[in-house]
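Residue 19 in our numbering is what sits at position 17 of the sequence shown, and the numbering runs on without skipping anything.
Derived from the structure by calculation, the hints contain no laboratory data. Beta carbons are placed, not taken as given, at the ideal position from N, Cα and C, and that holds for glycine. Fair warning: there could be bad hints in the mix.
What the hints assert, rightly or not - FRET-style restraints, in silico, Cβ to Cβ: (1) Ile32 / Thr210: 33 to 43 Å; (2) Trp38 / Trp136: 20 to 30 Å; (3) Glu153 / Arg252: 23 to 33 Å.
Unchecked claim - For lysine-lysine, the following BS3-like pairs were computed, each having C-alpha atoms within a straight-line distance of at most 30 Å: (4) Lys175 / Lys80; (5) Lys101 / Lys233; (6) Lys111 / Lys96; (7) Lys80 / Lys111.
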Amino acid sequence: MTAEEYQEDILDHMEHMEAETMPDVNSIDIQTEIQWFMRPYLLDFLVEAHAAFQLLPETLFLAVNLLDRYCSRRVVYKRHYQLVGCAALLIAAKYGDRKERVPTVRELKSMCCSLYDDEMFTQMEWHVLQTLNWVIGHPTVDSFLQIALSEVTYDAEVEHMAWYISEIALFHKEFVSVRPSVLARSALALARCVLSRSQARQSEWAGTYDPVVVLNLSNHLYQPSQVLSRKYASMHLSAVSTTVEEFLQRQAQIARRNITPPTPPALENQKPDADGYLTPSTPQKSHYDAVMQHGCLTPPITPDNEFGASNFAKNVLPRLYPVTPTSAPQEAPQQQPQQYSYQPYLQPRLAQ
3 MTAEEYQEDI LDHMEHMEAE TMPDVNSIDI QTEIQWFMRP YLLDFLVEAH
53 AAFQLLPETL FLAVNLLDRY CSRRVVYKRH YQLVGCAALL IAAKYGDRKE
103 RVPTVRELKS MCCSLYDDEM FTQMEWHVLQ TLNWVIGHPT VDSFLQIALS
153 EVTYDAEVEH MAWYISEIAL FHKEFVSVRP SVLARSALAL ARCVLSRSQA
203 RQSEWAGTYD PVVVLNLSNH LYQPSQVLSR KYASMHLSAV STTVEEFLQR
253 QAQIARRNIT PPTPPALENQ KPDADGYLTP STPQKSHYDA VMQHGCLTPP
303 ITPDNEFGAS NFAKNVLPRL YPVTPTSAPQ EAPQQQPQQY SYQPYLQPRL
353 AQ
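Work out the full structure, taking the sequences as your base and the hints as a guide.
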């Protein structure tokens with residue numbers, strides 16, 4: 003039997019194992035000293051150490067998984083957070099990497115600026131293994147990516163882009179609880195979208211990705227870790243971080259083009275009003291340049307106003323200024339003079 007015939011059984015076992023070895027985000031939330039904002043600083047250190055020792059990609063994913071699983075079960079002090087990360091990287095390298103590339107305690111101590119003694123590294127390594135009951139194996143994102151990429155023709159740029167997106171997800175809390183199988187398919191779908199590659203068919207295992215996870219991953223492409231961006235800017239990793247920056251710039255230009263309304267064309271041969279007089283904003287029949295002596299616009303000559311030809315026939319002079327319309331004056335009724343009758347004045351007689 004070939005490996006393809008065992009692939010379905012292998013996937014079933016890997017998906018079972020990933021469910022058994024997932025960290026608990028709620029338990030990490032109740033840590034008293036370490037906080038989520040400290041995570042990017044520790045991961046920057048682990049990414050640099052991982053690149054310096056030239057370890058395999060799956061070693062980094064396994065080290066972060068061991069770190070999160072330990073923090074889910076033990077109280078970690080802030081001063082020991084980096085020490086736990088170094089112990090997790092050391093265990094992951096011993097578990098799956100080549101022996102000549104496994105870092106020594108002295109090298110890790112030097113990278114930590116001699117903050118911890120040699121015995122502290124050994125004690126923490128032993129304590130992590132005891133806490134996890136010596137269950138180290140964990141199906142990483144990289145292992146699921148290898149299965150998904152085996153179904154199509156190998157494309158190194160797509161693989162490097164999927165690695166880059168998957169490592170960006172390590173820095174954010176919302177992806178800690180996402181299973182590696184789901185994260186691998188979603189990162190691969192986003193990588194193909196960025197590189198304008200054709201997507202996998204829905205009938206294939208790689209084509210059953212989670213669109214919500216793809217959207218969340220795309221939202222975190224704008225501000226990646228500077229350490230991670232420099233790592234994937236090298237040519238042996240296809241300079242995929244530079245490709246992502248160019249892709250985001252093109253998307254921003256398209257978004258601005260769709261949002262910004264077109265600028266209306268400038269009116270040609272538009273003459274300014276004479277003497278800087280501001281015309282009213284009400285609609286006008288036409289534009290007139292004639293201005294009276296006192297600065298008022300000459301009204302248009304139409305048969306309806308007092309400047310029509312009929313007014314000249316009546317010898318009515320036009321008004322210089324518009325006045326408030328009033329009713330026509332009416333003649334007051336003439337009052338009739340009152341007639342008074344004069345009676346002669348009779349002097350009264352005196353009684354005799």
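Against the structure, the hints come out as follows:
no.	hint	in the structure
1	Ile32 / Thr210: 33 to 43 Å	34 Å, holds
2	Trp38 / Trp136: 20 to 30 Å	28 Å, holds
3	Glu153 / Arg252: 23 to 33 Å	29 Å, holds
4	Lys175 / Lys80	18 Å, holds
5	Lys101 / Lys233	23 Å, holds
6	Lys111 / Lys96	17 Å, holds
7	Lys80 / Lys111	18 Å, holds
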